[in-house]
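Take the sequences, apply the hints, and build the full model.
Read off the chains here:
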Amino acid sequence: GEDVEQSLFLSVREGDSSVINCTYTDSSSTYLYWYKQEPGAGLQLLTYIFSNMDMKQDQRLTVLLNKKDKHLSLRIADTQTGDSAIYFCAESMRGSARQLTFGSGTQLTVLP
Amino acid sequence: DAGVIQSPRHEVTEMGQEVTLRCKPISGHDYLFWYRQTMMRGLELLIYFNNNVPIDDSGMPEDRFSAKMPNASFSTLKIQPSEPRDSAVYFCASSLSQGAHEQYFGPGTRLTVT
Numbered sequence: 001g002e003d004v005e006q007s008l009f010l011s012v013r014e015g016d017s018s019v020i021n022c023t024y025t026d027s028s029s030t031y032l033y034w035y036k037q038e039p040g041a042g043l044q045l046l047t048y049i050f051s052n053m054d055m056k057q058d059q060r061l062t063v064l065l066n067k068k069d070k071h072l073s074l075r076i077a078d079t080q081t082g083d084s085a086i087y088f089c090a091e092s093m094r095g096s097a098r099q100l101t102f103g104s105g106t107q108l109t110v111l112p
Numbered sequence: 113d114a115g116v117i118q119s120p121r122h123e124v125t126e127m128g129q130e131v132t133l134r135c136k137p138i139s140g141h142d143y144l145f146w147y148r149q150t151m152m153r154g155l156e157l158l159i160y161f162n163n164n165v166p167i168d169d170s171g172m173p174e175d176r177f178s179a180k181m182p183n184a185s186f187s188t189l190k191i192q193p194s195e196p197r198d199s200a201v202y203f204c205a206s207s208l209s210q211g212a213h214e215q216y217f218g219p220g221t222r223l224t225v226t
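For the record, the sequence lines run as chains A and B. Taking this note's numbering, the leading residue of the first sequence gets 1, the next gets one more, and so forth. Taking this note's numbering, the leading residue of the second sequence gets 113, the next gets one more, and so forth.
Hints were generated in silico from the structure; no laboratory data involved. Any given hint might turn out to be false.
[Stated by the list, open to error] Derived coverage of chain B by chain A (criterion: at least 3 residues anywhere in the stretch with Cβ under 8 angstroms from a Cβ of chain A; other residues may be distant):
(1) 129-142
(2) 211-225
[Unchecked claim] Heads up, simulated EDC-like pairs for lysine to aspartate or glutamate below, C-alpha to C-alpha not over 20 angstroms straight-line:
(3) A:Lys36 with B:Glu214
(4) A:Lys56 with A:Asp69
(5) A:Lys70 with A:Asp26
(6) B:Lys180 with B:Asp169
(7) B:Lys190 with B:Glu156
(8) A:Lys68 with A:Asp3
(9) A:Lys36 with B:Glu156
(10) B:Lys180 with B:Asp168
(11) A:Lys56 with B:Glu214
[Claimed, not checked] Okay, the calculated beta carbon distance ranges per label pair:
(12) A:Met53 with B:Thr224: 36 to 44 angstroms
(13) A:Ser51 with B:Gly128: 42 to 50 angstroms
(14) B:Asn163 with A:Arg60: 33 to 41 angstroms
From a predicted model like this one, the values you see are computed outputs, not experimental measurements. For every residue, glycine included, the Cβ atom is placed at its ideal position computed from N, Cα and C.
Put into structure tokens, the structure is as follows:
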């Protein structure tokens, strides 16, 4: 099965908070990442968190890491229509910090 | 920096033809990755290079696929002969060996094989 799992779809109302969840399996991952992909574009790195941290905040984005449960989440405050995109969680692979394992992506739809 | 540059952005070709995709990584990055993205299989790592040397090509689907990196600023992914099932978006990404190893992606090449 997949090493990184995400739910496929999430819909929120404009102005609400969005929370995108991810579970991973490699407890030796050193970094975990969130990427955003807009239609017809490549993956854009949003943020990353080192495995010895449990939270990282960057403007409207908050990343929470629960290492015990191997659970990662991305919270987007005051979600805007421009946040509509696919969000990918990724972990650095066992034995190789260079390779990343990506989840299947969560399609976030922001409703007016 | 201009970011990772890929060309062409779109390629339409007939089955059996040779296809060459090109990538210029971010200057100074010493890792380069080729990915393929499809609806059915998601994002798959095909091959990656470190300092122009292929490190892991276990994701390359079959012998029809080959990749080269003749210098630090250029890589190609070649498919010969192409088949309709190769239709996908192909991404190139690059990263540094230092720091958080975050990968920066190019805009992708959308390949359609008819």
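Status of the given 33 to 41 angstroms range, CB of A:Arg60 versus CB of B:Asn163: 38 angstroms Cβ-Cβ, so the 33 to 41 angstroms window holds.
Is B:Lys180 within 20 angstroms of B:Asp169, Cα to Cα? 11 angstroms, holds
For A:Met53 and B:Thr224, compare the CB-CB distance with the range 36 to 44 angstroms and indicate the outcome. 43 angstroms, holds
Given the hint that A:Lys36 pairs with B:Glu156, does the C-alpha gap stay at or below 20 angstroms? 16 angstroms, holds
According to a criterion of three or more residues whose C-beta lies within less than 8 angstroms of a C-beta of chain A, is the region 129-142 of chain B covered? violated (count 0)
Decide if the proposed pair is consistent with the structure: A:Lys70 and A:Asp26, CA atoms, cutoff 20 angstroms inclusive. Holds. A:Lys70 to A:Asp26 sits at ~8 angstroms (cutoff 20 angstroms).
Coverage of the region 211-225 of chain B by chain A (three or more Cβ within 8 angstroms): holds (count 9)
Below or equal to 20 angstroms on CA atoms is what counts here, so check A:Lys56 against A:Asp69. Holds. A:Lys56 to A:Asp69 sits at ~18 angstroms (cutoff 20 angstroms).
Straight-line alpha-carbon gap A:Lys56 to B:Glu214, limit 20 angstroms: Roughly 16 angstroms separates the two Cα atoms, so the pair holds.
42 to 50 angstroms was suggested as the range; check whether the CB atoms of A:Ser51 and B:Gly128 agree with it. For A:Ser51 and B:Gly128 the Cβ distance comes to about 47 angstroms; the hint holds.
Restraint check for B:Lys180 with B:Asp168, where alpha carbons must lie at most 20 angstroms apart: Holds: B:Lys180 and B:Asp168 sit about 12 angstroms apart, inside 20 angstroms.
Given the proposed pairing of A:Lys36 with B:Glu214, does the C-alpha separation stay at or below 20 angstroms? Cα-Cα ~13 angstroms, so holds.
Violated hint: 1 only; the structure is consistent with all others.
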